[in-house]
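Chain by chain, the residues:
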Amino acid sequence: MDTANEKPRLVLIGNGMAGMRTVEELLKLKPDMYHITVFGAEPWGNYNRIMLSPVLASEKTVDEIMLNDDAWYAERGITLHKGRRIERIDRVNRRVIAEDGTEAPYDRLLLATGSDPVMIPVPGHELEGVVAFRDIHDVDAMLAASRAHQHAVVIGGGLLGLEAANGLMRQGMEVTVVHLMDHLMERQLDAEAAGMLRGSLEERGMRFRMAHQTETILGEDRVTGVRFTDGSEVEADLVVMAVGIRPNTALAESAGLHCERGVVVNDTMQTYDPSIYAVGECVQHRGATYGLVAPLWEQAKVCANHLAEYGIGRYEGSMTSTKLKVTGIDLFSAGDFTGDETTEDLVFKDAARGVYKRLVLKDNRIQGAVLYGDTLDGSWYFQLMRDATPVADIRENLLFGQAHIGDSGHGDEASRVAAMPDEAEICGCNGVCKGEIVQAISEHKLFTLEDVRAHTKASNSCGSCTGLVESVLATTLGGDYSDAPAKKPVCACTDHSHDEVRAAISRDGLKTMDAVFEALDWKTPNGCHVCRPALNYYLLAAWPKDYQDDAQSRFINERAHGNIQKDGTYSVVPRIWGGVTTPAELRAIAEVAERYQVPTVKFTGGQRIDLLGVKKVDLPAMWRDLGDAGFVSGHAYGKALRTVKTCVGSEWCRFGTQDSTGLGIQLERMTWGSWTPHKFKMAVSGCPRNCAEATIKDLGVVCVDSGYELHVGGNGGVKVRATDFLCKVETEAEVLEYAGAFMQFYREDARYLERTAPWIERVGLTRVKERLVDDADYRAALYARFLESQEVAQVDPWAERAAGHAAHEFIPITPVDAAPRQGVSA
Amino acid sequence: MSWLAICPLEDIPSLGARVVAGPNGDIAVFRTADDRVFALRDQCPHKGGPLSQGIVHGERVTCPLHNWVIDLQSGEATGADSGCTHAFPIRVTDGQVWLDLSGATGDAADDPAAAPVACREAG
Ligand SMILES: Cc1cc2nc3c(=O)[nH]c(=O)nc-3n(C[C@H](O)[C@H](O)[C@H](O)COP(=O)(O)OP(=O)(O)OC[C@H]3O[C@@H](n4cnc5c(N)ncnc54)[C@H](O)[C@@H]3O)c2cc1C
Ligand code: SF4
Ligand code: FES
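Heads up: the sequence lines are chains A and B, in that order. Using my numbering, you'd call the opening residue of the first sequence number 5 and step up by one each time. Using my numbering, you'd call the opening residue of the second sequence number 7 and step up by one each time.
Among the hints, a few may not be true.
Think about it this way: if two alpha-carbon atoms lie no more than 20 Å apart in a straight line, the pair counts; the simulated EDC-like pairs of lysine to aspartate or glutamate are [what the hints assert, rightly or not]:
| no. | chain 1 | residue 1 | chain 2 | residue 2 |
| --- | --- | --- | --- | --- |
| 1 | B | K53 | A | D571 |
| 2 | A | K353 | A | E400 |
| 3 | A | K32 | B | D77 |
| 4 | A | K527 | B | E65 |
| 5 | A | K619 | B | D32 |
| 6 | A | K732 | A | D778 |
| 7 | A | K34 | B | D32 |
| 8 | A | K366 | A | D391 |
| 9 | A | K732 | A | E792 |
| 10 | A | K570 | B | D32 |
| 11 | A | K515 | A | D554 |
A few chain A residues that face chain B, going by a derived Cβ cut-off under 8 Å, partial list only [what the hints assert, rightly or not]:
| no. | residue |
| --- | --- |
| 12 | A152 |
| 13 | I249 |
| 14 | N530 |
| 15 | G531 |
| 16 | C532 |
| 17 | R536 |
| 18 | P548 |
| 19 | Y551 |
| 20 | N567 |
| 21 | S575 |
| 22 | P819 |
Where chain A lies over chain B, by a calculated footprint (3+ residues, C-beta under 8 Å) [to be verified]:
| no. | stretch |
| --- | --- |
| 23 | 11 to 18 |
| 24 | 23 to 31 |
| 25 | 62 to 73 |
Derived from the structure by calculation, the hints contain no laboratory data. We put the CB at the ideal spot given by N, CA and C, even for glycine.
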């Protein structure tokens, strides 16, 4: 490669998980920017350290846990120095020097030296047979010992110690775990869960010496036993120390970089020398050090972004959760569960089933979670905790799990992903079953939801199976899976989240898509099919009167104002206000259907008539004919107000308490034409018999004698969700105000493609109530903003197109010169 | 090669597409943000979705049916997908778009097995 010398040189010290992840992220952004050299003290390529536990337990082989082999480095032009420890960093001349004298100059240096296992310096700790649990060497040593010997002692009853003990037991050794405290994993578990864990490990044959302190490791050459401070002893041919880790800062310190407990870095992962970056277990960021991969992944992303000179993205620290990778034991813990006077405990215990759950709440929010025996909802609690979602409204059912929240009878058994057979279909849209996903995860070493989407298409369409796919990831990868990082970028074109993009649009007055691309350093020239529709929506919602809608950023349904069907034809749905029509209108629809030879005429679930199988070229003419008969578009294709379903109410029904039909029509007249983050449906029922099924709509009104009950956040889709009760009002005018305000709040707050149901679950009903019910001024302001944006929104797109707008969309090109011409010069 | 005058460049919306009826089915003609044009058979290699109806970004188009992302230059699916749709020679001179349909008249267009070998080996 002759250009290599001209490129800036990036040197990575530490061929481990964080360092190589950073390089991978960098290659995704700027594959050719640097000439990259990697030094690793270990004699292997890059492997998945987390999987050492399954290797020790013989559930995986070393080959299976390699992430990148030599060929991978070679293909990407990366120079890899295996088995070469860097001894010195010469910052003045910008070069690194390895033990064996190998040197490499750098322009940017990346430190990812991980950490060292702590070895308690008791007498005898240097004897043969005393090992740590950190790398392949250690695992080899343990496996060798297990073949030749019988008795193992593991010092340390934390996550790592228990995984080591489990692995050794699986190799047939007799294992005693020694722990200083009187309960296991005290940093992750409360006493109750720790007791249950110990019980089930004892059932499997593990022995424990709790509250024991090691005094001496006995033996001449090889270890023979361990003596404790209380004078007691146990026999041992192998001693594994798993008492903690210490960030490996020696090299950084010797180079004069500022270190405290770890190498100190700022939010862009730079050390005190700005040309030297650091990631992983060796760093200390805002006072914290981390010993799990999830935070390292986030650090790697930010660091790669800065190495690629995009200069955006900050690492702001991570919250972590833990799972124990011992087959057959389900354990999850996250956050702070040491309660005090200001916290409350929710506890569920079923000793017979071996299930224990404890949630610690503070100010109505989850502050810590410990789950034992049933960890299915761990990632959900974690999400609620990270988003600081108020949980007051779901408190009664919180411990029973997500499947029981506002869900009419779905879930539970079905969502027990781990127990699902391989043939079980996970993604209905794309027909992907569990087995395929599991296979793709292991074969292509996938870690993230995005990876799984790219390789299997699961969760790539309607997204309703996202939770299931995440569970499959979690069960397949075990503790390896780092669920969603705190902040999910909109798509691969940017590192910014939906919320950040929206905030920037209003704060910085960004009014065009190009302005957003520029201000937020988009990585692609004109985005992609994921971010452009989202940005188009955000701009429109923020500047309803100033922003020029961009047709090329709309999905075809919205661009062509009809639903695209599987054969490329379209369907046409005229608006029928509140579901009420007339013989003349029906006749007009029938005539249009015949005139254009519509193959299927069908009633929709929302009380409208669907004309299916229309050729695209016919659309404008059909719309003109429908328009002449008084129809406007039903927006059945849009992320917009769809329908307001009604019952006959007091006008006809013997039970009806109010004019539900009339109210539905008023609601639809007020809200039609408004764009929303996802489709939006309403319904009005005349009495609690609820014939219009108002309690599974985004906004439902149930009329009662004394007024109107308002319900929000329902969904009749893949995952049925019943609405939450918002409040009761007395007049129709109030219904209109609340409906407009609710829609506006949703429009301003939710992320694009997030329906009201998941949005409310994410932000919490309390927050919606605070703004809409408790704060009359805020409600009035929302309503005013809604009405203002409606002033320009209620333009019928069909009429515009029938009059010739965007004609190119519907008319194919007829070549001007049907006779082929020869020889046009190049 | 036999070049056919299709339309002036401005008849194709920027980051959009138009459809030309070819002798063996529709051909999608795309225009990128920097005014380059590309022509592909209007059939996604996945399940035949109309690529002309997709969202164009960079030098790619996303199929409207199931979001496969197709490279405009080669007609090949990108990312983890594999498959290819026929690409036709196309160019712009003096604001006029020219398309060469000679490849569309043979069997290649209808018979996927006759598509260029490079296509089928993708991925
Ligand atoms: C057995 C085990 C199980 C684990 N299980 C989990 C789990 O379930 N979930 C989880 O989130 N985390 C788990 N972890 C923790 C996780 O593996 C670490 O957080 C992660 O590997 C840290 O990444 P790193 O790149 O900072 O360090 P490492 O992956 O340790 O990489 C550092 C590398 O730098 C090399 N190096 C150091 N100094 C030099 C030098 N001077 N020159 C050249 N090379 C050098 C080292 O040899 C090492 O290869 C587990 C760890 C172990 C050991
Ligand atoms: S919801 Fe009540 S008022 Fe409406 S049709 Fe049913 S029973 Fe009658
Ligand atoms: S037909 Fe194009 S992605 Fe399926």
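Evaluated hints:
With a CA separation close to 9 Å, the supplied pair K53 of chain B and D571 of chain A stays within the 20 Å bound. Simply put, K353 of chain A and E400 of chain A have alpha-carbon atoms about 15 Å apart, close enough for the 20 Å limit, and the pair holds. At roughly 18 Å between alpha-carbon atoms, K32 of chain A and D77 of chain B fall within 20 Å of each other, so this suggested pair holds. Restraint check: the Cα-Cα separation between K527 of chain A and E65 of chain B comes to about 14 Å, which is no more than 20 Å; the hinted pair holds.
Note on K619 of chain A and D32 of chain B: the hinted pairing holds, with a Cα-Cα distance of about 14 Å set against a maximum of 20 Å. At roughly 12 Å between alpha-carbon atoms, K732 of chain A and D778 of chain A fall within 20 Å of each other, so this suggested pair holds. Distance restraint check for K34 of chain A and D32 of chain B: the Cα-Cα separation of roughly 37 Å exceeds the 20 Å cut-off, and the hinted pair is therefore not satisfied. With a C-alpha separation of about 14 Å, the suggested pairing of K366 of chain A with D391 of chain A holds against the 20 Å cut-off.
Using a Cα cut-off of 20 Å, the hinted pair K732 of chain A and E792 of chain A is violated, with the two alpha carbons roughly 25 Å apart. Using a Cα cut-off of 20 Å, the hinted pair K570 of chain A and D32 of chain B holds, with the two alpha carbons roughly 16 Å apart. About 12 Å separates the Cα atoms of K515 of chain A and D554 of chain A, which keeps this hinted pair within 20 Å; it holds. Evaluation of the A152 of chain A hint against chain B yields a violated restraint, the C-beta minimum of about 46 Å exceeding 8 Å.
Taken as an interface hint, I249 of chain A does not check out: its beta carbon lies about 36 Å from the nearest beta carbon of chain B, beyond 8 Å. About 5 Å separates the beta-carbon of N530 of chain A from the nearest beta-carbon of chain B, less than 8 Å, and the hint is met. This hint holds: G531 of chain A has a C-beta 6 Å from the nearest C-beta of chain B, less than the 8 Å allowed. Look at C532 of chain A: its Cβ gets to within about 5 Å of chain B, closer than 8 Å, so that hint holds up.
Hint status for R536 of chain A: holds, given a least beta-carbon distance of 6 Å to chain B, under 8 Å. Residue-level restraint check for P548 of chain A is violated (minimum Cβ-Cβ distance to chain B is 23 Å; threshold 8 Å). Taking 8 Å as the C-beta cut-off, the interface hint given for Y551 of chain A is violated, the closest approach to chain B being about 17 Å. The beta carbon of N567 of chain A is not positioned within 8 Å of any beta carbon in chain B (closest approach about 11 Å), and the interface hint is therefore violated.
Interface restraint check for S575 of chain A: the shortest CB-CB distance to chain B comes to about 14 Å, outside 8 Å, so the restraint is violated. Taking 8 Å as the C-beta cut-off, the interface hint given for P819 of chain A holds, the closest approach to chain B being about 5 Å. A stretch counts as covered by a chain when three or more of its residues have a beta carbon under 8 Å from one of that chain; for the stretch 11 to 18 of chain B and chain A the count is 5, and the coverage holds. Restraint check on the stretch 23 to 31 of chain B versus chain A: 4 residues with Cβ-Cβ distances below 8 Å, three needed, restraint holds.
With 9 residues bearing a CB less than 8 Å from a CB of chain A, the stretch 62 to 73 of chain B meets the requirement of three and the coverage assertion stands.
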